[in-house]
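Asks: Here is how the chains run, residue by residue.
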Amino acid sequence: MNYSDFLQMTPEVFLVITLIIAFFADFCLFKSESKTNILGSALAGPLVIVLGTCVLAASNHPEPISAFGGLYVVTPAINVMKAILTFGTLVVVIMAQKWVESQKRLAGEFYMLIVSTLLGMFMMMSSGSFLLFFLGLEMASVPLACMVAFDRHRKESAEGAAKYILVATFSSGVMLFGISFIYAATGTLYFDDVCAAVSNSPLCIMGLVFFFSGLGFKISLVPFHFWTADTYQGAPTPVTGYLSVISKGAAAITLCTILMKAFAPMVEYWNYMLYIVIVLSITVANLFAIRQSELKRFMAFSSISQAGYIMLAVVGNGQLGVAALTYYVLVYIVANMAVFTVINVVEQNNNGRTDMAAYNGFYQTNPKLSFLMTLALFSLAGIPPFAGMFSKFFVFMAGVQNGEPMAYGVVFIALVNTVVSLYYYLLIVKAMYITKTDSPLPTFQSDANTKMALAICTAGIALFGVASCVYEWIAAAGI
Amino acid sequence: MIPVECYFALSALLFFIGVYGFTTRRNLIAMLISVELVLNAVDINFAAINRLLYPEGMEGMFMTLFVIGVAAAESAVAIAIIINVYRKFKSDSVEAIQNMKR
Chain A
758 MNYSDFLQMT
768 PEVFLVITLI
778 IAFFADFCLF
788 KSESKTNILG
798 SALAGPLVIV
808 LGTCVLAASN
818 HPEPISAFGG
828 LYVVTPAINV
838 MKAILTFGTL
848 VVVIMAQKWV
858 ESQKRLAGEF
868 YMLIVSTLLG
878 MFMMMSSGSF
888 LLFFLGLEMA
898 SVPLACMVAF
908 DRHRKESAEG
918 AAKYILVATF
928 SSGVMLFGIS
938 FIYAATGTLY
948 FDDVCAAVSN
958 SPLCIMGLVF
968 FFSGLGFKIS
978 LVPFHFWTAD
988 TYQGAPTPVT
998 GYLSVISKGA
1008 AAITLCTILM
1018 KAFAPMVEYW
1028 NYMLYIVIVL
1038 SITVANLFAI
1048 RQSELKRFMA
1058 FSSISQAGYI
1068 MLAVVGNGQL
1078 GVAALTYYVL
1088 VYIVANMAVF
1098 TVINVVEQNN
1108 NGRTDMAAYN
1118 GFYQTNPKLS
1128 FLMTLALFSL
1138 AGIPPFAGMF
1148 SKFFVFMAGV
1158 QNGEPMAYGV
1168 VFIALVNTVV
1178 SLYYYLLIVK
1188 AMYITKTDSP
1198 LPTFQSDANT
1208 KMALAICTAG
1218 IALFGVASCV
1228 YEWIAAAGI
Chain B
-17 MIPVECYFAL
-7 SALLFFIGVY
3 GFTTRRNLIA
13 MLISVELVLN
23 AVDINFAAIN
33 RLLYPEGMEG
43 MFMTLFVIGV
53 AAAESAVAIA
63 IIINVYRKFK
73 SDSVEAIQNM
83 KR
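Residue numbers (my numbering), protein chains in the order written: chain A, 758 to 1236; chain B, -17 to 84.
The hints are simulated quantities; they were obtained by calculation from the structure and are not laboratory data.
Among the clues, some could well be false.
No more than 30 angstroms apart at the CA atoms, straight line, and that leaves these computed lysine-lysine pairs for BS3-like [claimed, not checked]:
hint, chain 1, residue 1, chain 2, residue 2
1, B, 70, A, 855
2, B, 72, A, 861
3, B, 70, A, 912
4, A, 1187, B, 70
5, A, 912, B, 72
6, A, 1125, A, 1187
7, A, 912, A, 855
Listing some non-contacts, in silico: residues in chain B with all C-beta distances to chain A over 10 angstroms [claimed, not checked]:
hint, residue
8, -17
9, -16
10, -15
11, -12
12, -9
13, -1
14, 2
15, 6
16, 8
17, 35
18, 45
Glycine is no exception: its CB is placed at the ideal position from the N, C-alpha and C atoms.
Construct all of the structure, not just a fragment, from the sequences and the given hints.
Replies: Below, the structure is given as structure tokens:
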């Protein structure tokens, strides 16, 4: 065995070191008073280093690298995505600080779990074979179930976690059944060899459908979305944020790479599947989101419809696809994390209230927070000066680049749904600014970490769209 | 020699028994057992395909081993979570954990 292969995977190696640091910091500070503060910074530092290595790796290696005999493959586009997801995790760690403090002695476990899920996602994204892909997927989803169950004293947390772990296991079983058919048809598990051997035989089509539905569960696309609302509502708010952006982004880019790499010859089949799933995800989720009165549940349906928009980038197997998808995930991370940071700080200061009625008259007592939340919601809906509009534009452009009539139809439906989504995002804005109430939430002071997370997110919402260098950096790596 | 179709039939049967159990059972432990059936169907598939169709490599066998290992880890976590559910709700039926708004 050639140990120099490990040098090819620096981001993962640094993440493992981060994990060890988190473990020992937790071990040494077992009884310390200011434990969570030290732990948080002990984790944030290494994460910044991981972010740096990903960015460096993306710019230093313009060619795809493969290690361990093709098991591990990394392209510049994947490195860019890793950098983006690390950035998102950093925001989650910052905004979660106040909630983690309330967990007292268990704080260290949260940090270890979050780093190990990120490591699993890295493995999953840069896999070159179904074997490593499966291991990475499980490494990402099993600790996530523990994170969902983290609030051991809230009933909803246990309920959400039970639903999540059962559905996650079941969906990986379905996905593996599909992979076994692909293996039967091609005799290999490596993506490149599968691509060379795969054909339009019934066995391959069946394998593709099972595989797609398994990964559809993880991205929570519509026919497979039933766990999403309960899990998102039950999980602790920082974990909900993590699930909705980081986990979803990683699964989306993986599905995109596997469809484009391993199933490239079957493009006409998975294109039709994508059309159906995208139209269903966007439409059904939007209709359900309108009638929600619980903010985390509302954000769950919003994230299902956003998943539909993300997958729109994959349609047509085109050049622009990966870059549009990556850019969409980046913008979605900042906008969604801003919303979840506000939900979290309101929940922490008002005995765990997350219902929408709590936000009536929010502007009177907390004008700054409601203004930032409004910006984030505008970006999610895609209103022009903010980044959300540009990301939607690139996704639509990637969807129609091959000029197929069906793709135009799907993009048209997505456009109409943008208007619907504007309606329900504005419902929250209306509650905050217009709805009169006698007892709005009391004025409270956000802690420093919340302020920092909100500053990062708002800067992203305002700048990622206007500063064209961000998209250019992603697009340069994305081809 | 048993033809590969027989293995496929067995594993498909096992898979759909698992799917049927997962969708109809109203008890969390029973649902977990059904998921294990699905994973066992996958194991049979990989091992049989490797042995009978592609005996020159070992990929299917390795996949089987990893699936078994990961399934054990998953059921450990799932059982821990179900125990927590039982402590909170005093029940492990699906009806008991339908408390959130729909």
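Asks: If a hint holds in the structure, say so; if it doesn't, say that too.
Replies: Going down the list of hints, with the structure as the test:
1. About 25 angstroms separates the Cα atoms of residue 70(B) and residue 855(A), which keeps this hinted pair within 30 angstroms; it holds.
2. At most 30 angstroms may separate the alpha-carbon atoms for a hinted pair to count; residue 72(B) and residue 861(A) meet this at roughly 26 angstroms.
3. Using a Cα cut-off of 30 angstroms, the hinted pair residue 70(B) and residue 912(A) holds, with the two alpha carbons roughly 6 angstroms apart.
4. Pair hint residue 1187(A) plus residue 70(B) does not hold up; C-alpha atoms about 37 angstroms apart against a cutoff of 30 angstroms.
5. With a C-alpha separation of about 11 angstroms, the suggested pairing of residue 912(A) with residue 72(B) holds against the 30 angstroms cut-off.
6. Proposed proximity of residue 1125(A) and residue 1187(A) is supported: the alpha carbons are some 16 angstroms apart, at most 30 angstroms.
7. For the given pair, residue 912(A) sits about 21 angstroms from residue 855(A) by alpha-carbon distance, which is consistent with the 30 angstroms threshold.
8. Residue-level check passed: residue -17(B) sits 17 angstroms from the nearest beta carbon of chain A, beyond 10 angstroms.
9. For residue -16(B), the requirement that its beta carbon stay farther than 10 angstroms from each beta carbon of chain A is met, with the minimum near 16 angstroms.
10. The beta carbon of residue -15(B) sits about 13 angstroms from the closest Cβ of chain A, which is more than 10 angstroms, so the claim that it is off the interface holds.
11. Residue-level check passed: residue -12(B) sits 14 angstroms from the nearest beta carbon of chain A, beyond 10 angstroms.
12. For residue -9(B), the non-interface assignment is confirmed: its Cβ lies about 13 angstroms from the closest Cβ of chain A, beyond the 10 angstroms cut-off.
13. The claim that residue -1(B) is not at the interface with chain A holds, since no C-beta of that chain comes within 10 angstroms of its own (minimum 12 angstroms).
14. Chain A leaves residue 2(B) outside its interface by the beta-carbon criterion, the shortest separation being 12 angstroms against a cut-off of 10 angstroms.
15. Every C-beta of chain A lies more than 10 angstroms from that of residue 6(B), the closest at about 13 angstroms, which supports listing it as non-interface.
16. For residue 8(B), the condition that its CB be more than 10 angstroms from all CB atoms of chain A holds, with the nearest at approximately 13 angstroms.
17. In this structure residue 35(B) is not separated from chain A by more than 10 angstroms, as the shortest Cβ-Cβ distance comes to only about 6 angstroms.
18. With a least beta-carbon separation of about 6 angstroms from chain A, residue 45(B) fails to lie farther than 10 angstroms from that chain, contradicting its non-interface assignment.
Violated hints for the displayed structure, listed by number in ascending order: 4, 17, 18.
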